[in-house]
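Using the hints provided, position chain B relative to the given structure of chain Z.
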Amino acid sequence: MIFTKIKRVTKAGFVNFWRNGWVSLAAILVVVITLFAIGSLIFSKAVMESALNHIENKVDITVYFKNNAEEKDVLAMKDIVAELSEVKSVEYVSADKALADFKERHKDNATLLQSIEELDKNPLGAALNIKAKEISQYGSVAKFLDGKSDSSGDSIIDKVNYFQNKKIIDRLSNILDSAKKLGLIVSLVLALVSILVTFNTIRLAIYSSRDEIEVMRLVGASNRFASGPFIVEGAMYGFFSALIAMIIFYPIIVWVDPKIASVFSGVSLFRYYIDNFGQIFAILLGVGVFICSVSSLIAVRRYLKI
Amino acid sequence: MIFFDKVSKIYSKTSIALEGVSLSIGPKEFVSLVGHSGAGKSTLLKLLLAEEAPSKGSVYFESVNVHSLPRRKLSLLRRKIGVVFQEFRLLSNKTVYENVAFAMEAAGRLSKEIEENVPFVLDLVGLTDKGSRFPDELSGGERQKVAIARAIINRPDLVVADEPTGNLDPVSTREVVSIFEKINKLGTTIILATHNKEVVDSLGRRVVTMEKGKIIRDDKSGRYQT
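So the sequences go chain by chain: Z and B.
Numbered by the working numbering, the letters in the first sequence go through residues 1 to 306 in order.
Numbered by the working numbering, the letters in the second sequence go through residues 1 to 226 in order.
The following block holds chain Z by itself, in its conformation from the complex (with noise of 0.2 Å):
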C-alpha cells in the first residue's frame, strides 16, 4: 500500500512537472541563478586558494653566509633549520653554485664578467634558502637565524635578507587574512541571498496552485497524498537545475581559464572543473533538491490547514 501511495505520488509529481511546463521553467532559471553562485564561489576559492599557494611560495627568506664559511658548518645549520617546526623546505646553495647563477643572470654585462674573472678567489658565500609553511611563521624563523648569528663574534651568517623583505611579508600576510575573511563572509551572504529567492519563487509557484490542494483535502486527500506530488516536483527543479548549471559552467570555464591561467601561471581552472565535476555535481545537486523541496513542503504547509 505504501509502494503504491509513494509510486503515485511520484508520477503525479513528474506528469505536473511537465504539464506545468512554464512555472516548471521560470523556477528552474531561478534556481539555476542560484546553483550558478554557489558554484562560482566553489570555483572563486579554489582559483584564490591556489593562487595564494603560488604567491605564498614565491615567499621564502635567504641565508647568506660569509665567504670564509666551512661547507660542513653550512650544512649542519641546515641540517638545524630542517627541524623547526615551521620550516617547510630549506634549499642548499653552495659558493660555487651562487657564482654561477650570478653569472648566468649578469650574462649581458661584460664589465661586471671581467671584473668578477679578475678576483683570484670566489666574492660570494653559500646560501640556504628557506620556505616557511605560513607566511606568518617567516618572523620566527628569521628570529631563530639572528639569534645564532649574534651568539658569537666569529659567526659564519653574513645577513638574512628577511629583515629587508619584512615590510613585503607583513603586507601580504595581512591582504591574505583578509581576502580569505572578506570571501567567507561575500560567500554566506550570497548564499543566503540565494537561498532566499529561491524559497520565494518556489512559494509562488505553489500559491498558483493553492485552491488545487484545498480542493485535494475537500475530495479526501491525506495532507502526504496532496503535498507529496509538489515536494517531488521541487525535487525536479532541483535536479533539473543542479545540470543546467554545471552544463553552462563548461562555456564560460573554457573562456575564462586562459585569462587566470595569464595572471597566475600554474593555476588551471579548467582541470579543476574536470578533475572535481563529479564533485561539485555532487553538491549542486544535494544543495538544489534540498533547498526547492524543503521551500515546497514549507509553502505547501500553508495550504493544507483545510
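Any given hint might turn out to be false.
Derived BS3-like pairs (lysine-lysine); straight-line CA-CA distance at most 27 Å [to be verified]:
#1 94(B) with 7(Z)
#2 73(B) with 7(Z)
#3 197(B) with 305(Z)
#4 58(Z) with 143(Z)
Simulated from the structure, these hints should not be mistaken for lab results.
Please read all numbers here as calculations on a predicted model, not as lab measurements.
Chain B in isolation, oriented as in the chain Z frame:
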C-alpha cells in the same frame, strides 16, 4: 445520519452567518436547501465538511462530532462525503479521467479497482469519450458532470452539492439534476443547496428554507417558496 445541533457561525457582530440552526437529515433522503444568497446555505455545508468550524453548537455525521476530529482523520471523513461546487473546482492540470481517479487514489484504492470504476462512473454521467480531455476543453455542464463523477466515485454515503447548477444553462441543469436523482435512487443521501425554483419544484422532495442564518421552513414534500 446528519445532525446540526444548535449551530451558530458568527464572523463578527455585524456578520452572523448562522444562528441556532438545528437540522436532522436521515439516510437516503434528498434534501433541497433553498434561500437567497447570504441566507447561510453554503456556510452550513462548509461546517459539515469541516472546512470551517462553528462558533457554537456541534455537527454530527454518522454519530461523529465532525469538529472533534484531528486533521489527519478529516480525510477519512471526507472520503465518505462527495462534494460538488458551483465553480466546479476541478484540478486543472489533470485530465477528466485523472480528476475522477484522483479521489480514488487519495482514498488508497487499488489500481485495478480504479481502472474498472472510473470508466463506469464516466459512463454514468455521460462522458465516456471525454476521459482524456482537460477541464479547460469542456463546457460548463460537462465540467460539472466530471465534478459529480469525482464526488460519487468512492460510493459515498452522502453527496453535498453547493449551487451545482448556478453556472449552467437550462439543458445542462436538467441533466445534472437527473444524475443526482439517479444517484439518490441508488441509495445515496443528497443535500442540494440551490436557489433555482424550477429545480426544486421538479424534484418534489424535502425542502428546507433558510433566511438570514435561520431555518424558517421545513417541508416534507415541498416547493420553492419565499
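Hint consistency between residue 197(B) and residue 305(Z) [alpha-carbon to alpha-carbon, up to 27 Å]: violated (36 Å)
Pair hint outcome, residue 58(Z) versus residue 143(Z) [Cα-Cα no greater than 27 Å]: The given pair, whose Cα atoms are some 20 Å apart, holds under the 27 Å limit.
27 Å Cα cutoff - pair residue 94(B), residue 7(Z): holds (17 Å)
Holds or violated: residue 73(B) to residue 7(Z), with C-alpha atoms at most 27 Å apart: holds (22 Å)
Violated hint for the displayed structure: number 3, the only one.
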